[in-house]
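Please model the entire structure based on the sequences and the hints provided.
Note that the protein sequences, when read in sequence, are chains A and B. Residue 1 is where the first sequence starts when you use this note's numbering, and the numbers rise one by one after that. Residue 1 is where the second sequence starts when you use this note's numbering, and the numbers rise one by one after that.
A couple of the hints might just be wrong.
[Unchecked claim] Mimicking BS3-like on lysine-lysine, the simulated pairs with C-alpha atoms at most 30 Å apart in a straight line are:
#: 1; chain 1: B; residue 1: Lys75; chain 2: B; residue 2: Lys144
#: 2; chain 1: A; residue 1: Lys182; chain 2: A; residue 2: Lys55
#: 3; chain 1: A; residue 1: Lys13; chain 2: B; residue 2: Lys331
#: 4; chain 1: A; residue 1: Lys45; chain 2: A; residue 2: Lys12
#: 5; chain 1: A; residue 1: Lys165; chain 2: A; residue 2: Lys12
#: 6; chain 1: A; residue 1: Lys45; chain 2: B; residue 2: Lys331
#: 7; chain 1: A; residue 1: Lys140; chain 2: A; residue 2: Lys163
#: 8; chain 1: A; residue 1: Lys12; chain 2: B; residue 2: Lys331
#: 9; chain 1: A; residue 1: Lys45; chain 2: B; residue 2: Lys61
#: 10; chain 1: A; residue 1: Lys165; chain 2: A; residue 2: Lys154
#: 11; chain 1: A; residue 1: Lys55; chain 2: A; residue 2: Lys140
#: 12; chain 1: A; residue 1: Lys148; chain 2: A; residue 2: Lys131
Honestly, the hints are just simulated from the structure, not real lab data. Only a predicted model underlies this, so the values are computations on that prediction, with no experimental measurement involved.
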Amino acid sequence: MQLTNRSQVVSKKEMTFLERMYLPAIFSGMWITFTHLFKKSVTIKYPEQTREFSKIYRGQHTLKRDEIGAERCTACGLCAVACPAEAITMVAAERKPGEEHLYREEKYAAVYEINMLRCIFCGDCEEACPKEAIFLTDRKVDSFYTRKELIYGKDILVEGIEKDKRVDVSVRETSSVAEFKKHNEFAHNETFNKNKKTKIDRH
Amino acid sequence: MTIDFLIYKIILVLIVFSITLLVATYSTYAERKIAAFLQDRIGPNRAGPFGILQPLADAVKMFMKEEVIPSVSNKILFIIGPGLCMLTACMTGVIIPWGKSINIGGVDYPLQIADVNIGILYLFGVLSLGVYGIMIGGWASNNKYSLLGAIRASSQMISYEVAMGISIIALVMMTGTLSTGEIAAQQGVGKLWGIFDTPSFNWNVFYQPLGCLIFIICAFAETNRAPFDLPECETELVGGYHTEYSSMKLGLFLFAEYINMFISSAVIATFYFGGYNMPLIGRWVHDPNWLAILGFVFLFMKIVGFIFLFMWVRWTLPRFRYDQLMNLGWKILIPLSIFNLIITGAVMMRHEIITYFFK
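Structure, rendered in structure tokens:
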């Protein structure tokens with residue numbers, strides 16, 4: 001089946017005298033390289049200029065907080081299961097009374113580690129996450145001296161509690177997700193539900 | 001032999017030596033820049049404005065590297081190898097006529113270190129010695145791959161020297177002299193093909209186009225430049241004769257290649273492209289001293305042009321396979337150069353031939 005018309009039939013016919021001289025071919029090749037002398041260079045001078053990231057660039061992860069600053073992650077472990085590189089580990093813990101402003105759900109991740117050396121930045125963790133807790137952002141992972149530094153714990157992954165330290169991941173929200181969030185009946189956020197005073201029918 | 005003469009020669013030697021080294025140094029920079037431009041890149045641009053201090057940084061890097069002499073190697077020969085390479089590369093510069101003579105206080109000072117009457121023989125002798133540096137370097141490393149690389153290099157250089165020599169013999173037959181100064185001077189007088197009266201345009205390339213082509217191809221092979229850079233291809237043949245070398249000894253090997261390139265460009269320009277002669281300039285400039293200086297500038301421009309050609313070819317053509325290299329050398333270039341020799345002889349003796357056959 002021919003998909004494109006770019007393929008060429010290989011012919012093994014004898015080369016003509018002119019072709020066997022090689023010189024015409026050499027000169028035409030040199031002409032091609034010569035024209036490249038006057039072409040614009042494609043180099044991006046890195047420290048001064050940076051390449052623009054695509055909207056859906058998948059860089060360093062962030063663990064999001066909710067509106068009041070509580071961690072969204074409930075340590076369900078779906079991200080760790082989804083991870084093809086097995087880069088994510090976590091230890092779950094139960095929320096104590098009085099910690100409602102810190103953790104949104106009753107269960108939370110006491111330890112949450114991503115091994116950046118193993119991570120392949122596929123984004124499966126953020127797709128698996130039912131709580132919209134983990135996102136990949138357009139930040140780059142820093143360079144490092146020891147392999148140990150590359151195991152990122154919660155101190156690096158969780159975003160800051162202040163409004164200006166929050167990581168904006170709205171570009172990663174697809175239209176279907178936005179549509180989903182409009183319908184309150186699908187919402188699973190306890191505090192959110194409490195605020196909105198909506199009733200969920202249990203079947 | 002006065003003391004004046006000695007001082008003048010020493011000054012000339014120092015100038016030529018330093019120019020050779022400077023041009024070779026900046027050839028490394030030019031090579032990287034030209035490679036970058038031909039591949040739509042920018043090239044070195046961090047060391048100084050436009051990266052012009054890059055050769056300096058490279059040299060510092062080379063000197064700072066650890067000097068490793070393999071314990072199984074022959075230490076003396078291991079050290080002599082790159083030195084010999086460098087020595088022979090620098091020695092060829094003495095027979096290049098850099099310009100006409102400069103007249104100071106009624107005394108003529110020719111801008112050529114040694115106008116020996118066997119200049120071409122000297123050139124070939126020294127060029128052949130260059131093989132020894134590579135061979136000794138590769139052999140003294142006491143390493144299979146170095147030895148193989150050295151054998152590869154020396155067989156290539158020996159093969160292409162033959163074709164180069166024969167193409168030069170045709171030139172020698174035509175000009176009737178072995179002196180490089182004389183060859184350069186001859187291209188500045190007379191009419192082109194006896195017809196066109198353009199002063200200083202009687203270049204040998206118009207009489208020996210085939211010989212010139214063969215000579216240029218062989219010069220590429222002699223300097224181990226692409227597409228004939230099998231002796232030192234880093235990527236697929238484990239380096240070559242300089243596999244065991246490190247630090248400045250490796251630097252000397254690489255640097256000798258650039259000096260060879262500069263000298264080869266000078267030789268091509270002198271033998272075939274008129275040397276220091278430039279057409280039409282005699283119409284506007286009459287002072288002989290200025291003419292000599294301008295002649296040097298023109299020769300230099302030609303040399304830079306040929307160095308560019310060397311690099312241009314390197315970044316265009318892929319490398320020959322070894323059997324292709326040998327086929328080209330022995331089966332194509334040598335017969336072609338002999339053919340060129342016969343044609344040259346026939347054209348020179350055309351009157352005798354015509355009278356012999358058609359009397």
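Hint-by-hint comparison with the structure:
{"no.": "1", "hint": "Lys75(B) <-> Lys144(B)", "result": "holds, 17 Å"}
{"no.": "2", "hint": "Lys182(A) <-> Lys55(A)", "result": "holds, 23 Å"}
{"no.": "3", "hint": "Lys13(A) <-> Lys331(B)", "result": "holds, 22 Å"}
{"no.": "4", "hint": "Lys45(A) <-> Lys12(A)", "result": "violated, 45 Å"}
{"no.": "5", "hint": "Lys165(A) <-> Lys12(A)", "result": "violated, 66 Å"}
{"no.": "6", "hint": "Lys45(A) <-> Lys331(B)", "result": "violated, 49 Å"}
{"no.": "7", "hint": "Lys140(A) <-> Lys163(A)", "result": "holds, 21 Å"}
{"no.": "8", "hint": "Lys12(A) <-> Lys331(B)", "result": "holds, 23 Å"}
{"no.": "9", "hint": "Lys45(A) <-> Lys61(B)", "result": "holds, 23 Å"}
{"no.": "10", "hint": "Lys165(A) <-> Lys154(A)", "result": "holds, 15 Å"}
{"no.": "11", "hint": "Lys55(A) <-> Lys140(A)", "result": "holds, 14 Å"}
{"no.": "12", "hint": "Lys148(A) <-> Lys131(A)", "result": "holds, 29 Å"}
Violated hints, in rising order: 4, 5, 6; the structure is consistent with all others.
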